[in-house]
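*Asks:* Sequence:
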Amino acid sequence: MTKRKRNHLIGYFFLSLWLIGFLVFTLYPFVMSLYISLSKLTLGMNGTTYEYTGGDFYRYAFETDTEFLPKLLESVGFIAYATPIIVVIALLLAMMLNGKYKGRGFFRAVFFMPVVIMSGPVISELLGKYSLDFSEATPELFAFLNALPTVLRSPCLFVLENLVTVLWYSGVQILILLISIQRISPELYEAASIDGASGWEKFWKITLPHIMPTALICALYTVIQLANESTNAVNTYISARMFDHKLGYYSYSTAMAWIYTVVIIAILLVIVLLMKFFSGREEGRR
Numbered sequence: 001m002t003k004r005k006r007n008h009l010i011g012y013f014f015l016s017l018w019l020i021g022f023l024v025f026t027l028y029p030f031v032m033s034l035y036i037s038l039s040k041l042t043l044g045m046n047g048t049t050y051e052y053t054g055g056d057f058y059r060y061a062f063e064t065d066t067e068f069l070p071k072l073l074e075s076v077g078f079i080a081y082a083t084p085i086i087v088v089i090a091l092l093l094a095m096m097l098n099g100k101y102k103g104r105g106f107f108r109a110v111f112f113m114p115v116v117i118m119s120g121p122v123i124s125e126l127l128g129k130y131s132l133d134f135s136e137a138t139p140e141l142f143a144f145l146n147a148l149p150t151v152l153r154s155p156c157l158f159v160l161e162n163l164v165t166v167l168w169y170s171g172v173q174i175l176i177l178l179i180s181i182q183r184i185s186p187e188l189y190e191a192a193s194i195d196g197a198s199g200w201e202k203f204w205k206i207t208l209p210h211i212m213p214t215a216l217i218c219a220l221y222t223v224i225q226l227a228n229e230s231t232n233a234v235n236t237y238i239s240a241r242m243f244d245h246k247l248g249y250y251s252y253s254t255a256m257a258w259i260y261t262v263v264i265i266a267i268l269l270v271i272v273l274l275m276k277f278f279s280g281r282e283e284g285r286r
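Note that my numbering has the sequence shown beginning at 1, numbered continuously upward.
Everything labelled a hint here was simulated from the structure, so no lab data went into it. Every residue, glycine too, gets a C-beta built ideally from N, C-alpha and C. Keep in mind that the hints are not guaranteed to be accurate.
Quick list of in silico lysine-lysine cross-link-like pairs, DSSO-like style, CA-CA up to 27 Å [as the list claims (entries may be wrong)]:
1. 202 / 5
2. 202 / 276
3. 205 / 100
Computed beta-carbon distance windows for the label pairs [stated by the list, open to error]:
4. 185 / 225: 48 to 56 Å
5. 140 / 70: 30 to 38 Å
6. 202 / 84: 17 to 25 Å
7. 48 / 25: 20 to 28 Å
Could you put together the complete structure from these sequences and hints?
*Replies:* Next comes the structure, spelled out in structure tokens:
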């Protein structure tokens, strides 16, 4: 058996644990939620009844509901610019933590600690106390950022106003990227130094090409992490419409959830295609 086949078998073994859990615990709710989105659920004296309505609730979401699409676009936009920011900051922190200095094990644990202690009350307390308001505290900086184009202004304000959130969501990504950086052969950096390459050139020519597939894995993880965040706009809206009896209680909320799921899957597929592209380039260099 070749090394490639052994690696595939090991991968399938770890994946099988998830597949077993999906088949035992998730498959039935998964299929049932799709059925509920195509039916009008009614709660009565005789229990729960389902009246098949086809795609009526999906059409209602796109054609009648004036709030769903703006909420969906807001959440997708947030994921679109928050994901690269979190991955880039995680990469910068991973490179810093890869340095040789005393106590680096402690500092690595500190950056991963939010993942261990993550809970709703903790993150709510942190966000409540450590968010910044540039319009009042630093009006000059706010005026400068506000004068920037939207493409630059939104990411800058997101990072500065959500610094705790960015660091909170970067723990797993930092760990993954740190391991990827450590797998790069030191001989490549030594050869580049002999040729007179600067630190900047080493990053663009050695570090970034080698860790790009791993960075895309971190992007996949971040998208799923942000998409499942209960406080984002579309999730909050879906939760608020769960008990609307005129729209079949869970029926309309489930339909909106499926639309949101399809959009997130489309984003993940784009990242997977990019991952295959960069992985192919890395294998070509080998």
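*Asks:* If a hint holds in the structure, say so; if it doesn't, say that too.
*Replies:* Here is how each hint holds up against the structure:
1. 202 / 5: It is violated: about 33 Å lies between the C-alpha atoms, which goes past 27 Å.
2. 202 / 276: Distance ~24 Å between residue 202 and residue 276 Cα, so the pair holds.
3. 205 / 100: holds, 22 Å
4. 185 / 225: 48 to 56 Å: Taking Cβ atoms as reference, residue 185 and residue 225 lie about 31 Å apart, which means the hint is violated.
5. 140 / 70: 30 to 38 Å: holds, 32 Å
6. 202 / 84: 17 to 25 Å: At roughly 22 Å between Cβ atoms, residue 84 and residue 202 fall inside 17 to 25 Å, so the hint holds.
7. 48 / 25: 20 to 28 Å: holds, 21 Å
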